[in-house]
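S.K.: I would like the entire structure built from these sequences, with the hints used as guidance.
Going left to right, the first sequence walks through residues 1345 to 1947 as our numbering numbers them.
Misleading hints may appear alongside valid ones.
To be verified - Cβ-Cβ distance ranges computed for the label pairs, FRET-style:
1) 1411 / 1349: 17 to 23 Å
2) 1345 / 1595: 40 to 46 Å
3) 1461 / 1594: 24 to 30 Å
Simulated from the structure, these hints should not be mistaken for lab results. Model, not experiment: these values are computed from the prediction. Virtual Cβ for every residue (Gly too), placed ideally from N, Cα, C.
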Amino acid sequence: MDIKSQLQTQLKQIIQELFDTEVSFSVDVPENAEHGDYSTNAALILAKPQGKSPREIAGQIQQRLENSKQELGIEKIDIAGAGFVNIFISQEKLFQVLTEIEEKKDTFGKNELLSGKKIITEFTDPNPFKEFHIGHLYSNTVGEAISRLYAAQGAEVKRVCYQGDIGLHVAKALYGILNNEVKIEDVEDKSIEEKAKYLGQSYAKGATAYEENEEAKAEIIEINKKVFAKDASIMEIYEKGKTWSLEYFNNIYARLGMQFDQFFFESEVGEDGKKLVLGYLEKGVFEESEGAVIFPGEKYGLHNRVFINALDLPTYEAKELGLAPAKYDYFPYDESVIITGNEINEYFKVLLKALSLIRPELAEKTVHIGHGMVRLPQGKMSSRTGNVLTGEWLLDEAKKRAYNKIQEVTRSEKRENREARVSIADQLEVSEKVGIGAIKYALLKNGIGGDIAFSFDESISFEGNAGPYLQYTYVRTQSLMEKAKNQGMTPEIVTPTTYTSEETVLLKHLIHFSEAVAYAAASYSPNHLAEYLFALAQKFNAFYANQQIISVSITDGDNVSVTPSKLQLDSTIPKFRLALTQSVGQTLKNGLTLLGIPTVEKM
RNA sequence: GCGCUCGUAGCUCAAUGGAUAGAGCAACUCCCUUCUAAGGAGUAGGUUGUGGGUUCGACUCCCGCCGAGCGCACCA
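M.R.: Spelled out as structure tokens, the structure:
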């Protein structure tokens, strides 16, 4: 259990004993170090109901907490401001975090808060036949991060992807293929990327025709019916296109370092959804209106939505209704998290309301998270008009820029005498990982709800609060470890004779890692973890710049002289600093991994 | 028109009802004969759209106004 939870438990008990009551107080990590490592507002909350001054109550809490000082590793307890109880952790307790990291390694930061829980996450949801644009990349990045955060809480997580392989958009794409100068047979031998591009172009053609040409529109509607009826005349190109799309998507997932456990298709859940709707039509949940079957959301302060259209085909809504039970059959979950763009937030409210009247136990377990839209300077993306940036384009572009950066750094005049950082053979792989890191971090550092104004130069950064900065800091730790090893030095968790302020600041930050992970998971906010990691990297870089971590030999002509340093006079200091460096490296790596961001050893 | 979301530094964004509203970018100063300068140190930049209210305490909660985005019937 992390220190914060221990304090919370202890304080709760103290309040119970003192006042025989329960209140919702918080234990915070103050921004200002003078306010302690942890702080609680319990006294402020209790003041009014107890009819006492906040500082008086704070005093009582302080007194009781004194008894647990030893057990909790508290150095001192202050009362400050309006009645805050500020808690300072002892140097010995801080120091213990190094041992914890050393022991837990890759599992440092994990906990068992959701142990035994089954969680199903659904995200990305690209539609076959259409482009995989940067909005999908965003959904995928957020979904993967949340999935990993959940898993770090001890939950069993299944990632699923729901794909619209049936419906009007597919019919539009098929129309586009049938009316494309380039026949589908002609792209048979092309790469999967080109096949995907062909499908995307076909969709754009079909979508345009649907709006501009009445004849085409009628034809597309016919094609749509045929697909639902699995008409042999259309199924061959349908299956071909769908297969290509799915293969293409899978390549992107692999590139992003993730994979789904299960795929669901609209074509598979549509019938079940329709049956559910018709079944509950009789029970009055749904109503007939203008030839369609609707859910009267207006009755519940929402808006009405069509579930089965006048052509007797299930809409997205009905299909989604069929999806929920299908997911539950696949994996009987305790919680179902669905991550989509926030443009369908209200639609989801209607859907969940309808589901609550049909399968209330499933509706209760379902959480919808709407992430912001990726906005381009040119306006909203539209796969119909071609104003899209594909995910693949973005990944390639970021990789290219990372590669250029490597070249630039290697050629830099002031550093020409230094050994090449990344071997030629590794440069492409490093570029790929740094590019992905830059993109994912850019998407994750912001809160999930808001839109992302996307322009490459402003959004994808390799410096400052950016993915590569964190990757770079990790590389520094690894580089130091390697250098130390070559000099025969090993990290050792020994108490140094003195601490510098940079070291204490780092230790104080490290103890909050698992708390940050838990908080990010509980609030569906990977950005909190991103922020934590950035702060950690900043603190480490300040430490790095101001303190000598290992002793260094300097070559002066032919003579090799070793600078005498205080590090060599007191062997505990370099050992401790190395241990600290290793711990920071491990924590950065664990944190980045939780965000789905790859690390590299050199860059 | 109704509903949802949002409005914080020049720009992009943070900030569980808590203490002096924080970063990054851009601008301006400095720092590579110390371990990777994709780095570090510093300066400047704010009436948190606006007017009320609740609270010991409001960027955060409530109401009004102004402005933006999204959604409101057979697309997903």
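S.K.: Please go over all the hints and tell whether each is borne out by the structure.
M.R.: So, going through the hints one by one against the coordinates:
Roughly 19 Å separates the CB atoms of residue 1411 and residue 1349, a value that falls within the hinted 17 to 23 Å. A hinted range of 40 to 46 Å holds for the C-beta pair residue 1345 and residue 1595, which are about 42 Å apart. The beta-carbon spacing between residue 1461 and residue 1594, approximately 28 Å, falls within the hinted interval of 24 to 30 Å.
The earlier numbered hints are all upheld by this structure, with none contradicted.
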